[in-house]
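S.K.: Based on the provided sequences and hints, a complete structural model is requested.
Below are the chains, spelled out letter by letter.
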Amino acid sequence: MQVRFRIFRFDPEKDSAPYYRTYDVEAEPFERILDCLNRIKWEQDGTLSFRHSCAHGVCGSDAVRINGVCGLACQKLVKDYHTDEVLVEPIPNFRPVKDLIVDLEPFFETVAMIKPYLEASDPPEKERLQSPEDRKKFDDAVRCILCACCTASCPVITSENKRFIGPAALVQAARRIFDSRDEQRSERLNQLDYPDGVWPCKNYFECTRVCPKEIPVTKLINLIKRDLTKSK
Amino acid sequence: MIFKHDAVIVGAGLAGLRAALEAADVADVAVVSKVYPTRSHSGAAQGGIGAALGNEEPDSWEWHMYDTVKGSDYLADQDAAEVLAKDAARAIYELEHMGVPFSRTAEGTIAQRAFGGHTRNFGEGPIKRACYAADRTGRVVMDTLFGQAERRGMKVYSEFQLLDLLIRNGRAVGIVVYDVAKGEVHTIHARTVLLATGGFGKVYRVTSNCAANTGDGVFLANTAGIPLQDMEFVQFHPTGIYGLGVLISEAARGEGAVLLNSEGQRFMEQYAPTIKDLAPRDMVSRAIMTEVEQGRGIGGKDYVNLDVTHLGKERITERLSDIASFSKIYLGIDISEAPIPVCPTCHYMMGGIPTNVDGQVLDAGGSIVPGLYAAGECACISVHGANRLGCNSLLDLVVFGRRAGKKIAAELKAMDWVDVPDKPEAPLVEKISAFKSRKSHLKAFRLRADMQRLMTDRCSVFRTKDDLEAALKAIAQLKDQYGEVSVDDKGAVFNTDVLEALELESLLTLAEVTLVSALAREESRGAHFRQDFPERDDQNWLKHTLVRKTAEGPQVSFKPVTITRFQPKPRTY
Numbered sequence: 001m002q003v004r005f006r007i008f009r010f011d012p013e014k015d016s017a018p019y020y021r022t023y024d025v026e027a028e029p030f031e032r033i034l035d036c037l038n039r040i041k042w043e044q045d046g047t048l049s050f051r052h053s054c055a056h057g058v059c060g061s062d063a064v065r066i067n068g069v070c071g072l073a074c075q076k077l078v079k080d081y082h083t084d085e086v087l088v089e090p091i092p093n094f095r096p097v098k099d100l101i102v103d104l105e106p107f108f109e110t111v112a113m114i115k116p117y118l119e120a121s122d123p124p125e126k127e128r129l130q131s132p133e134d135r136k137k138f139d140d141a142v143r144c145i146l147c148a149c150c151t152a153s154c155p156v157i158t159s160e161n162k163r164f165i166g167p168a169a170l171v172q173a174a175r176r177i178f179d180s181r182d183e184q185r186s187e188r189l190n191q192l193d194y195p196d197g198v199w200p201c202k203n204y205f206e207c208t209r210v211c212p213k214e215i216p217v218t219k220l221i222n223l224i225k226r227d228l229t230k231s232k
Numbered sequence: 233m234i235f236k237h238d239a240v241i242v243g244a245g246l247a248g249l250r251a252a253l254e255a256a257d258v259a260d261v262a263v264v265s266k267v268y269p270t271r272s273h274s275g276a277a278q279g280g281i282g283a284a285l286g287n288e289e290p291d292s293w294e295w296h297m298y299d300t301v302k303g304s305d306y307l308a309d310q311d312a313a314e315v316l317a318k319d320a321a322r323a324i325y326e327l328e329h330m331g332v333p334f335s336r337t338a339e340g341t342i343a344q345r346a347f348g349g350h351t352r353n354f355g356e357g358p359i360k361r362a363c364y365a366a367d368r369t370g371r372v373v374m375d376t377l378f379g380q381a382e383r384r385g386m387k388v389y390s391e392f393q394l395l396d397l398l399i400r401n402g403r404a405v406g407i408v409v410y411d412v413a414k415g416e417v418h419t420i421h422a423r424t425v426l427l428a429t430g431g432f433g434k435v436y437r438v439t440s441n442c443a444a445n446t447g448d449g450v451f452l453a454n455t456a457g458i459p460l461q462d463m464e465f466v467q468f469h470p471t472g473i474y475g476l477g478v479l480i481s482e483a484a485r486g487e488g489a490v491l492l493n494s495e496g497q498r499f500m501e502q503y504a505p506t507i508k509d510l511a512p513r514d515m516v517s518r519a520i521m522t523e524v525e526q527g528r529g530i531g532g533k534d535y536v537n538l539d540v541t542h543l544g545k546e547r548i549t550e551r552l553s554d555i556a557s558f559s560k561i562y563l564g565i566d567i568s569e570a571p572i573p574v575c576p577t578c579h580y581m582m583g584g585i586p587t588n589v590d591g592q593v594l595d596a597g598g599s600i601v602p603g604l605y606a607a608g609e610c611a612c613i614s615v616h617g618a619n620r621l622g623c624n625s626l627l628d629l630v631v632f633g634r635r636a637g638k639k640i641a642a643e644l645k646a647m648d649w650v651d652v653p654d655k656p657e658a659p660l661v662e663k664i665s666a667f668k669s670r671k672s673h674l675k676a677f678r679l680r681a682d683m684q685r686l687m688t689d690r691c692s693v694f695r696t697k698d699d700l701e702a703a704l705k706a707i708a709q710l711k712d713q714y715g716e717v718s719v720d721d722k723g724a725v726f727n728t729d730v731l732e733a734l735e736l737e738s739l740l741t742l743a744e745v746t747l748v749s750a751l752a753r754e755e756s757r758g759a760h761f762r763q764d765f766p767e768r769d770d771q772n773w774l775k776h777t778l779v780r781k782t783a784e785g786p787q788v789s790f791k792p793v794t795i796t797r798f799q800p801k802p803r804t805y
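Here the protein sequences line up with chains A and B, keeping their order.
Taking the numbering used here, the leading residue of the first sequence gets 1, the next gets one more, and so forth.
Taking the numbering used here, the leading residue of the second sequence gets 233, the next gets one more, and so forth.
Think of the hints as simulated: they come from the structure by calculation, not from any bench.
Computed from a predicted model, the values in this text were never measured in an experiment.
Every residue gets a Cβ at the ideal spot worked out from N, C-alpha and C, and that includes glycine.
One or more hints might be untrue.
[Claimed, not checked] Per the computed footprint, the stretches of chain B lying under chain A, defined by three or more beta-carbons under 8 Å from a beta-carbon of chain A, are:
no., segment
1, 265-271
2, 338-344
3, 559-570
M.R.: Following this line, the structure appears as structure tokens:
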């Protein structure tokens with residue numbers, strides 16, 4: 001079948017403003033949107049730029065906005081879209097650098113801020129013990145691949161508070177807060193207790209809706225809020 | 233611009249990061265990565281990381297070593313395999329201490345599962361040796377090591393492509409890199425260089441590998457005159473999603489899934505009566521292709537079914553949720569109700585840059601190349617020989633990544649600075665502008681697609697002299713045409729068009745070396761099966777292949793295998 005794509009284009013070296021360009025692609029229903037982007041790049045227009053690598057939703061490189069909804073181009077299939085045109089744009093809430101590529105430095109800075117590593121002293125000779133029940137408490141957060149779909153979709157960041165640390169960083173924090181091995185639980189909770197920390201979240205659930213790994217992001221944020229409130 | 237660091241590490245997958253963490257204690261270390269570090273392909277490993285912890289049942293490192301050697305079809309260097317198996321438990325405990333969220337047993341210890349080719353008591357039956365975190369083990373180890381790098385404030389050059397390896401008077405002195413975001417070419421001057429650039433599965437059409445796996449480090453080592461070892465041994469993972477190549481982890485079979493042909497037969501019972509579906513990957517891939525060739529592919533096509541349905545929804549959700557999700561997304565099936573269509577997919581390169589057990593690169597004469605190190609899939613130590621066992625690669629990365637890092641830290645104490653050659657960036661700047669100025673309309677993807685088709689059609693699970701010779705001739709033509717490649721994108725910022733054109737040179741060269749090696753080895757061993765030489769021939773071929781670039785073309789030579797504990801025996805399971 002033939003699919004028409006309308007793609008956001010912007011080359012900072014040539015264009016004073018972004019524009020959209022249309023491409024027609026021959027594609028099968030079960031092909032990925034990423035396959036179509038590659039076909040456009042290879043067969044029609046080599047100037048189109050986007051990030052991608054593993055092509056099956058593990059590396060987290062190819063987050064884009066398709067028909068207004070953020071997702072991984074390698075996880076969305078042609079058959080998922082029924083509009084006359086499939087609109088592909090860079091993820092919002094980040095500065096577009098070229099075409100579908102955005103500047104993710106601010107995103108990774110928020111992740112670095114929450115100290116994305118286990119804080120635990122005095123390791124035993126073998127492994128630390130952890131019950132399957134305790135392990136389960138942070139299993140959802142472990143699935144995060146740092147694709148930025150959630151933070152890009154957050155309405156709070158879009159229109160209320162640009163400094164909000166964002167859902168991805170909070171998922172990363174939850175991964176450590178709910179890990180029974182971590183010894184800095186209260187410090188981690190306190191770190192999020194400031195106006196741009198965990199509190200700006202207003203339960204819009206956009207993050208949960210778009211997460212390619214089906215992480216209940218909003219729920220994790222609310223669990224952090226609950227524990228913070230309890231600890232006061 | 234010239235940047236300066238004591239040690240530069242190319243690649244931010246598990247091998248590169250593990251080495252970096254080790255060396256960062258004593259030196260100024262910089263990591264260069266063509267993707268943002270957490271996007272590295274180590275993260276795609278699913279099923280587990282092997283170690284004889286004995287958490288689920290009694291185990292020993294000797295059994296693990298034996299399985300590794302037998303799995304390698306006796307081509308592994310046994311001193312290296314011993315290091316791997318002996319150091320495994322320590323490496324796993326270390327990862328746990330760093331924070332890896334392993335799945336747990338009821339007692340709270342690290343959970344372990346069965347995996348292909350891993351057995352108890354020297355081959356008696358399957359054993360639970362693979363430590364895992366559901367079916368996303370690689371990803372969580374990746375995230376954990378990256379967290380540790382963040383904690384140290386490690387210097388990382390993200391989205392920098394390796395362009396050249398600088399060697400002066402036989403000593404590695406730095407690299408030339410391409411800053412993809414800006415389109416600038418820079419030199420990184422260093423006292424030591426570690427290549428941890430991964431594999432090059434992208435030479436094949438059907439592969440589980442990511443787009444970034446183009447073998448840039450292996451290619452540049454070859455260009456520098458370093459021989460490449462055992463390049464004919466390409467692992468085809470038996471269970472890639474049909475048509476896509478996306479990996480369905482061996483963990484599925486470890487948890488009890490079975491392979492079925494068109495007649496509904498569990499055919500692995502005939503090929504490996506003792507461990508059946510948990511036979512090593514080379515054997516299972518051959519069995520699948522044999523079933524297909526004998527007309528027992530599903531619906532007369534070239535795939536078989538992997539049946540997970542009897543495991544039940546709960547166990548699938550708990551232990552195999554990623555592959556359930558892949559199957560749902562890409563095939564539209566619920567694996568608790570329907571079988572998964574699978575066929576072999578190019579997965580892993582056993583061959584690569586020859587090193588010793590401390591990651592030091594060895595030249596054609598077997599001498600150490602000062603200042604140059606390699607670790608991970610791009611290296612050939614060789615622990616995997618002719619066929620790697622599942623869950624031994626993650627282990628290889630952390631065990632030998634650490635050893636390379638330790639060696640670098642030790643050697644830096646006595647390693648002086650040697651100047652980089654004059655204007656090292658100039659030829660690369662010229663190469664990039666040549667792509668932009670040519671008016672040929674020959675795009676990299678055309679040549680790449682031809683190469684990938686050739687390699688998948690003629691140099692896969694089964695090989696013959698005729699196929700390999702034909703492929704070699706065709707690759708030579710593609711290499712000739714490479715000089716005509718041009719790009720549409722003439723800009724500097726994120727010019728991925730140029731990036732793909734650059735990567736193609738690596739791929740074409742490595743395809744050629746793979747074919748030359750495969751043609752040279754006139755026997756069948758591990759993943760290399762020659763239909764015209766179907767038997768293993770220890771008399772003549774119990775040796776490593778080396779292929780070196782010379783003015784007259786690739787030159788083949790050989791080097792002996794180190795055998796310590798286990799004498800070669802017929803390999804049955």
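S.K.: Each hint: holds or not?
M.R.: Structure-based check of each hint:
1. Against chain A, the segment 265-271 of chain B contributes 4 residues with a C-beta closer than 8 Å to a partner C-beta. That satisfies the three-residue criterion, and the hint holds.
2. Only when three residues or more bring their CB closer than 8 Å to a CB of chain A does the claim for the segment 338-344 of chain B stand; here the count is 5, and the claim holds.
3. Only when three residues or more bring their CB closer than 8 Å to a CB of chain A does the claim for the segment 559-570 of chain B stand; here the count is 4, and the claim holds.
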